[in-house]
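Student: With chain A held as given, fit chains B, C, D and E with the ligands onto it using these hints.
Protein chains in written order, with the working numbering: chain A, 1 to 248; chain B, 1 to 248; chain C, 1 to 305; chain D, 1 to 248; chain E, 1 to 248.
In case anyone wonders, no lab produced these hints; they're calculated from the structure. The model shown is predicted, which means the values in this text are computed figures rather than measured ones. A couple of the hints might just be wrong.
[As the list claims (entries may be wrong)] When the alpha-carbon atoms are kept at most 20 Å apart in a straight line, the in silico DMTMM-like pairs for lysine to aspartate or glutamate are as follows:
#, chain 1, residue 1, chain 2, residue 2
1, B, 245, E, 202
2, D, 238, D, 202
3, C, 238, B, 49
4, C, 100, C, 45
5, A, 242, E, 19
6, E, 34, E, 94
7, A, 242, D, 94
8, B, 3, A, 88
9, D, 213, D, 32
10, D, 213, D, 170
11, E, 213, E, 228
12, E, 241, D, 228
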Amino acid sequence: MTKRFIPILLSLLAFLLGWDLLTRFSGIPNFILPSPLSVWTRFLKAMSDGSLPRHTAITLTEIVLGLIVGVLFATVVGYMLAKSRSLEKVLSPYLVASQAIPVIAIAPLLVIWLGDGILSKVVICALIVFFPVLVNTIVGVRAVPTALYDLMNSLHASRAQILWKVEAPASLPVFLGGLRIGATLSVIGAIVGELVDAESGLGFLLQLGDFQYDTPMVFVAVFTLIALALMLYGIVRMLENKFLKWQS
Amino acid sequence: MTKRFIPILLSLLAFLLGWDLLTRFSGIPNFILPSPLSVWTRFLKAMSDGSLPRHTAITLTEIVLGLIVGVLFATVVGYMLAKSRSLEKVLSPYLVASQAIPVIAIAPLLVIWLGDGILSKVVICALIVFFPVLVNTIVGVRAVPTALYDLMNSLHASRAQILWKVEAPASLPVFLGGLRIGATLSVIGAIVGELVDAESGLGFLLQLGDFQYDTPMVFVAVFTLIALALMLYGIVRMLENKFLKWQS
Amino acid sequence: GNSKSANEALTHIRLPMGYIPNIQYAPFYVAVEKGYFKDAGIEIEFDYKFETDGVALVGAGELPFAVVSGEQVLLARAQGLPVTYVAAWYQQYPVSVIAKSELGVIVPQDLKGKKIGLPGLFGANYIGLRALLNAGELTEADVTLDAIGFNQVELMAAGQQDIIVGYAANEPLQLRAQGIAVTELRVADYAQLAANGLLASEKVIAEDPELVRAFVGAFLKGLRFTMDNPDEAFEISKAYIPNFSELDANVQQQVLEVSIEQWKAERLGYSDPQAWENMQNVLLDMGLIAEPLDLSNAFTNEFVP
Amino acid sequence: MPHTSIFTIRNLSAVFQNDNGGLCALENISFDVKPREFVCVLGPSGSGKTTLLRILAGLIPPTSGSFTFGRGEEPSIGMVFQQATLMPWRTVTENIKLPLEVKKIDEAVARKKTKEMIELVGLTGFEDSLPRDLSGGMAQRVAIARALIHDPDLLLLDEPFASLDAMTRERMWTELSNIWQARQKTVIMVTHSINESLFLADRVLVLTQRPGKIKMDMEVDLPRPRKDEIRYTSRFGKLAKRLRGAIE
Amino acid sequence: MPHTSIFTIRNLSAVFQNDNGGLCALENISFDVKPREFVCVLGPSGSGKTTLLRILAGLIPPTSGSFTFGRGEEPSIGMVFQQATLMPWRTVTENIKLPLEVKKIDEAVARKKTKEMIELVGLTGFEDSLPRDLSGGMAQRVAIARALIHDPDLLLLDEPFASLDAMTRERMWTELSNIWQARQKTVIMVTHSINESLFLADRVLVLTQRPGKIKMDMEVDLPRPRKDEIRYTSRFGKLAKRLRGAIE
Ligand SMILES: Nc1ncnc2c1ncn2[C@@H]1O[C@H](COP(=O)(O)OP(=O)(O)OP(=O)(O)O)[C@@H](O)[C@H]1O
Ligand SMILES: Nc1ncnc2c1ncn2[C@@H]1O[C@H](COP(=O)(O)OP(=O)(O)OP(=O)(O)O)[C@@H](O)[C@H]1O
Ligand SMILES: [Mg+2]
Ligand SMILES: [Mg+2]
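Isolated chain A (complex conformation) (with noise of 0.2 Å):
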């Protein structure tokens, strides 16, 4: 258990080091680089007066929240998409679409029909979960063996029968990658959200640290941003750890 962490702690030390050199020797001001050392003071400053706990609780919300949304209706329609390619043909260009839209161009809109609160975070955030999922769900679930259709099939199994004992874990590995890449993009989307209206957040954190030039400010929000994405990761890396057991 302790043993198999020795590589990413030594490369992790690696980093802060190199990290520690690069702003000693580069060159390359502390206000746009600034030192491991000034950053973790930031980061002690930060949690002392309460403010980077208050604002992460607030992000780590929006972000569950969006996972949560994006990954079930990724599924849903995924499936529905991966059984009926007419189905895929007429609504992929939406979707397609829906991922190339930059937040800013239709932030009125969305502020309009979703209010400034937390609901157009979770949206934003379950928007860019939403596609990686949902790719992944359709590849997951076309390239199930047909040979195990026809199984479910002479045992005259129902149609959740063969959702729940075949597809689910046939595509699961597929589905689960998609996952991967959804929840590490989930940090970016309550992060994009929360930059349009700032006033909570790490988003605002961020952006208010870059205002006042507080730059161990902002890595520390960076930082913590990292925290999220990895343990999020972690979470699914668990997940295929318990559920792929068959597959190494």
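Tutor: For chains B, C, D and E with the ligands alone, coordinates are given in the frame of chain A:
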């Protein structure tokens, strides 16, 4: 051939009609949600004065370069990580981290390191393309049936032959799924870069239109982005149709 | 007297503007078109990137100058960025609180108990609002702030916001052009705050003061010309603003008029020390800076003719 | 001579679409199967035996012709596919238990029944093994156990004993005979072994080369129970010779 | 009596790791194979026959013991796996051609050779079919053709004829005999058929129940070429009886 497109055309007509009715009866002012006609007029104008083709060409260049760089890196790194779980363990935290950093937070660093030109936009685009392709490369290569490795090894095939004759075709369905996601996201990637440092490209047109309250222009830019995304998505779908015939 | 001979290489300067191409930048465009920069041995390249990125790059010595708003200078110096404000452009802080006419918001006190929409809880809009509230002896607790992004005009037009914060030369004009009657509380009418101007790195000031002088001089010439010949300046600027033909020429004309109003000064480019004191007090009050700075390094009138 | 058939097949044909005009796998097949009859199907490779079973199981529709079940209702089916078709994510126990899950049998009952079946096919000790850890013959035995566990009315067996050693195969013959005699079952079994068909069947159908037509429909009037010694009887030899003649 | 062996196997054991302490598939196997010898391996299901072939092919390392090639260098191998193991994205022609591609044989020569092999295994007309459109026996014949096409020194055949009908199987026997006699080949073939082993082999090894040990190592001193009639000779009957005795 023509018949296949009828449902798509019908759905497009329905979309345009719905949009038109929305602008007529929802009470949302034209400068927030312009009518289809005003967007079309603005489009013709932007075509005839040459601004749309020029900026589109710039963005498209960034996208194509970003896609090439992102996909190449993702494929190579993904293959290496698929082959070595310990390498994956050490590297993946950094790769996940790279996806959680908002561009706004490191914009000055990007400018210092990569300059103001096209390079920074290509890198930002490549970074966004990278992750879905990476994850799906890993998932795809990990799922290659061991029986096929046995076959190739019994023939004393070289590493390169195994790669090209087994791993590449066997992982292609999942890999192309990643490419579908990456190609779609690449459009946003280029735009994000252009928004930070706006001087040309569709991101610039978009921001300009936004600040000038020229909403039809914003919509023209958005539809151009959508067209680019659909084109790229379509290319990947064509590759799928060509190379994955054996699957359906 | 800094003009170099035409065949001598011009100094190339990339200038972060902090906003998209806009008629407000007429003085810069004029200074280019009229050859003021060229005469000063300078070739300008406008760079419309984010304001804070421009300041950071000037602070890092990557770029010599940037166009910035007043509070940026103090915020940057508070973090140790070696930058100095070398010429004032706006004499009035350009932010306004804009309310629908029927609300009858005439003085800052009228804001009490109201909901106010603003882009976010930072930035010039927020600072301007706080200064205005201070002037009306109100605190943030007396109003409800609603962060809505840069969608003030849209949300007011859609009826979702009745009071917003924006730029005097932008949102009120746009709203009136949409046929919405609004009243305006200009921050500048209640508080004298350091506003937009030219920022230089300490590096360029130390190493090449003549360049700074030449740059400031050329800009102020452009400013002077624009204020004296607004119509010609307007015509000149058109070429610099993409899609200008799509814009409502009337509104653009008004933007320039209102802006010129805000530029007026006895001595163009001069920074009023009191305005900097005031700005510092607002920032201290807001907690955006922790302790008073040595303002003498933050701005200088040394390069203003 | 009228008799109640469990199903009736009339003029059945199966054509697979391909590039040059369709491949005719079965042509004009007609036969009846009586309740509790044990029918073996022999025929050259590619003569449509598997296709026939797949049609009977309802997995593919016939291109033309009809096939009806005697009592009107579809019988419950136990099928052994030519390839073992196990679910790679399920253990031996879970794979065998599948039909009971589909029929929503009480879990405790199912466990007990599964245990019995595992013993029957000689896989004790491998209850929790995954398919990838099984030998070819073991996988086939799992498939056999799975086909029998839910006590189906109709058994469709596609070369179920092909990869079993002589001893195991003969044990399986006996078990299958016993099951078939003790319960009310109809069996249709594809095999390549003349011995096997004579040892088990009431009737043997021989198909011709592609396209498969019925070349021979032979009653096997050997007394039951058939012991190993029956192979050395002259009746057995005569039937074997007739079959061998038909197969050539 | 010293003889030059093509390979020598000494005290070979194979243990698969599992949850309860490892499963011993092969225990203490020692034998020699002479050049051009045709060895058949019989044994109950799960006795380690496939494992033995996989070790000989170098696909898995033995847990203990040694196995060395006579002339020091590894022979080129043609292998038929227990499952057909075709590449689903390759046509019949392309699947059969694979070993020639791996050996970088000139394309025109390869095409010609492939055509011959397709004729040999009776698949003319299916050159461009994909594996999913083949019957079980046809897939197996593709695998046989692929194993023979590159004229390997050592053939490792794992129940290659299991799903072929009697006629096709006998034709394959003859072809295999011819190839083996005409070219300098060593063959090790797993089978469950006593007839098959006596018809083809110089020597038959019988393995015990798991863990597989060598129970019998019998010379087959029947004269060659062996015609169908040889089955009815008393020598054949005697050898068959000895084998049957060993297998029980
Ligand atoms: N899905 C399919 N698509 C196209 N052709 C098919 C398909 N399935 C089978 N065929 C063709 O139909 C014919 C009969 O196939 P089938 O599998 O029924 O043969 P079989 O009698 O079971 O042979 P075997 O003994 O080799 O298993 C073959 O020529 C095969 O190529
Ligand atoms: N990859 C593996 N992991 C774990 N156990 C395995 C693996 N492969 C084979 N075994 C086990 O090793 C034993 C021997 O398997 P092997 O496939 O060699 O048998 P076999 O003699 O070929 O049997 P059959 O005639 O059924 O094909 C079996 O008990 C099997 O469960
Ligand atoms: Mg078959
Ligand atoms: Mg085996």
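Student: Run every hint past the structure and note whether it holds.
Tutor: Here is how each hint holds up against the structure:
1. Distance check on the hinted pair: residue 245 of chain B and residue 202 of chain E sit about 46 Å apart at the alpha-carbon level, beyond 20 Å; violated.
2. Proposed proximity of residue 238 of chain D and residue 202 of chain D is supported: the alpha carbons are some 15 Å apart, at most 20 Å.
3. Proximity of residue 238 of chain C to residue 49 of chain B is assessed by CA-CA distance (about 15 Å); at most 20 Å being required, the pair is judged to hold.
4. Our distance criterion of 20 Å between C-alpha atoms is broken by residue 100 of chain C and residue 45 of chain C, whose separation comes to about 40 Å.
5. Proximity of residue 242 of chain A to residue 19 of chain E is assessed by CA-CA distance (about 16 Å); at most 20 Å being required, the pair is judged to hold.
6. Our distance criterion of 20 Å between C-alpha atoms is broken by residue 34 of chain E and residue 94 of chain E, whose separation comes to about 33 Å.
7. Distance check on the hinted pair: residue 242 of chain A and residue 94 of chain D sit about 17 Å apart at the alpha-carbon level, within 20 Å; holds.
8. Taking the CA atoms of residue 3 of chain B and residue 88 of chain A, the gap is near 16 Å; set against the 20 Å cutoff, the hint holds.
9. A threshold of 20 Å between alpha carbons decides the hint, and for residue 213 of chain D with residue 32 of chain D the separation of about 15 Å falls inside it, so the pair holds.
10. For the given pair, residue 213 of chain D sits about 30 Å from residue 170 of chain D by alpha-carbon distance, which is inconsistent with the 20 Å threshold.
11. Of the supplied pair hints, the one linking residue 213 of chain E and residue 228 of chain E is violated, its CA atoms being roughly 32 Å apart against a limit of 20 Å.
12. For the suggested pair residue 241 of chain E and residue 228 of chain D, the alpha carbons sit about 15 Å apart, so the restraint of at most 20 Å is met.
Hint compliance for this structure: hints 1, 4, 6, 10 and 11 are not met, and every other hint is.
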